[in-house]
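Chemist: So you can see what is in the structure, the chains are spelled out below.
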Amino acid sequence: MNVMIEPSLHDVVSLTQEVWTSFLGYDEPLFEGEPLPDDATVVSATVTVSGAWAGVVSLQVSEAMAHRITAAMLGGSEKVDESDVSDAVGELVNMVGGNVKSLMPGPSTLSLPVVAHGRVFWPHESAEVVRADLTWAGEPVCIAVHVPLEQ
Amino acid sequence: MLALIIDDSRAMRKILARIVSDLGFDHIEAENGREALDHLEAGRVPDLCLIDWNMPVMDGYTFVTRVRANNEWRNVTLMMVTTESEHNQIVKALAAGAHEYVIKPFTPDAIVDKLSMLGLLPQEMSA
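In order, the protein sequence lines correspond to chains A and B. Letter by letter, the first sequence follows residues 12 to 162 of our numbering. Letter by letter, the second sequence follows residues 36 to 162 of our numbering.
A hint or two may mislead.
Said to hold, decoys possible - SDA-like cross-link-like pairs, simulated, lysine to any residue; straight-line CA separation at most 20 Å:
1) K49/B <-> S97/A
2) K127/B <-> D92/A
3) K127/B <-> L114/A
4) K149/B <-> A131/B
5) K127/B <-> N105/B
6) K149/B <-> H74/B
7) K49/B <-> I63/B
8) K90/A <-> E135/B
9) K49/B <-> D144/B
10) K49/B <-> G86/A
11) K90/A <-> E64/B
12) K149/B <-> A130/B
13) K127/B <-> R101/B
14) K149/B <-> V126/B
15) K90/A <-> L35/A
16) K127/B <-> K90/A
17) K49/B <-> D92/A
18) K49/B <-> A63/A
19) K49/B <-> E76/B
20) K127/B <-> G117/A
21) K49/B <-> G87/A
22) K127/B <-> V147/B
23) K90/A <-> R53/B
24) K149/B <-> N105/B
25) K127/B <-> P118/A
26) K49/B <-> A130/B
27) K49/B <-> K127/B
28) K127/B <-> D144/B
29) K49/B <-> A82/A
30) K127/B <-> M93/B
31) K49/B <-> G117/A
32) K49/B <-> L129/B
33) K49/B <-> P118/A
34) K49/B <-> D82/B
35) K149/B <-> M93/B
36) K49/B <-> G36/A
37) K49/B <-> A83/A
38) K127/B <-> G36/A
39) K90/A <-> A52/B
40) K149/B <-> S33/A
Rather than coming from a laboratory, the hints here were simulated on the basis of the structure.
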């Protein structure tokens with residue numbers, strides 16, 4: 012049976028900040044910010060946690076931000092293509108999701124990341140329990156946690 | 036010294052490669068446990084493996100059990116580098132033969148500290 016519990020906004024933001032500073036450097040801190048504009052071209056990445064706790068952790072950033080993140084993670088000197096962008100953004104949500112999973116009751120398993128160029132649309136059977144609209148290097152970063160309505 | 040970096044994320048392999056290269060390691064890479072085993076079976080036996088847990092084809096835990104089942108590879112040091120941070124999974128990996136466990140996100144210093152504890156740093160860096 013799943014347990015009805017959710018991570019706190021503070022924990023999710025702290026985990027996201029830790030991931031950001033570990034892999035994207037300390038020069039550009041991650042701040043509280045504005046939501047992604049409706050007309051933004053977006054890269055979305057999700058990981059799903061299944062088991063004693065179930066949920067989906069998602070990360071959405073603009074295309075421009077996704078390329079900047081990718082270049083930073085690859086070391087800045089390499090040519091970045093679309094597969095690199097999917098890989099880098101997927102790895103970031105994987106780290107945030109894996110650490111959210113560790114805060115929730117276990118045992119549970121973490122899926123491989125799924126990355127899409129476009130926004131994520133959630134089924135009616137899920138509820139957004141955490142949403143953090145952040146800013147990195149002047150661009151919006153949205154991290155969210157959804158859970159099934161009936162856990 | 037040779038390090039084998041096993042992670043399905045190219046970005047993560049590059050990050051780890053920069054760290055171990057700065058420490059003086061040569062390195063090779065694999066996208067999953069199966070590809071890593073191919074390196075070992077071809078005679079490219081590393082001193083150190085940095086191993087993600089969740090990967091397609093063959094996961095890191097299975098890779099650890101396969102390496103530990105082959106006595107010819109008993110001297111290979113195995114370090115998990117993964118987002119899997121549940122206590123029972125850490126215990127499971129260490130029981131299967133992993134020497135160390137690093138949870139993502141990590142800092143380069145965390146990797147250096149673990150390698151120092153394992154005696155895998157050049158002496159001038161361990162001092």
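Chemist: Take the hints in turn and mark each one as holding or not.
Modeler: Results of checking the hints against the structure:
no. : hint              : result
1   : K49/B <-> S97/A   : holds, 15 Å
2   : K127/B <-> D92/A  : violated, 37 Å
3   : K127/B <-> L114/A : holds, 19 Å
4   : K149/B <-> A131/B : holds, 18 Å
5   : K127/B <-> N105/B : holds, 19 Å
6   : K149/B <-> H74/B  : violated, 24 Å
7   : K49/B <-> I63/B   : holds, 11 Å
8   : K90/A <-> E135/B  : violated, 33 Å
9   : K49/B <-> D144/B  : holds, 16 Å
10  : K49/B <-> G86/A   : holds, 8 Å
11  : K90/A <-> E64/B   : holds, 19 Å
12  : K149/B <-> A130/B : holds, 18 Å
13  : K127/B <-> R101/B : holds, 14 Å
14  : K149/B <-> V126/B : holds, 17 Å
15  : K90/A <-> L35/A   : holds, 17 Å
16  : K127/B <-> K90/A  : violated, 39 Å
17  : K49/B <-> D92/A   : holds, 15 Å
18  : K49/B <-> A63/A   : violated, 34 Å
19  : K49/B <-> E76/B   : violated, 24 Å
20  : K127/B <-> G117/A : holds, 15 Å
21  : K49/B <-> G87/A   : holds, 11 Å
22  : K127/B <-> V147/B : violated, 23 Å
23  : K90/A <-> R53/B   : holds, 17 Å
24  : K149/B <-> N105/B : violated, 24 Å
25  : K127/B <-> P118/A : holds, 13 Å
26  : K49/B <-> A130/B  : violated, 28 Å
27  : K49/B <-> K127/B  : violated, 27 Å
28  : K127/B <-> D144/B : violated, 25 Å
29  : K49/B <-> A82/A   : holds, 11 Å
30  : K127/B <-> M93/B  : holds, 17 Å
31  : K49/B <-> G117/A  : violated, 31 Å
32  : K49/B <-> L129/B  : violated, 25 Å
33  : K49/B <-> P118/A  : violated, 31 Å
34  : K49/B <-> D82/B   : holds, 19 Å
35  : K149/B <-> M93/B  : violated, 25 Å
36  : K49/B <-> G36/A   : holds, 15 Å
37  : K49/B <-> A83/A   : holds, 11 Å
38  : K127/B <-> G36/A  : violated, 32 Å
39  : K90/A <-> A52/B   : holds, 17 Å
40  : K149/B <-> S33/A  : holds, 17 Å
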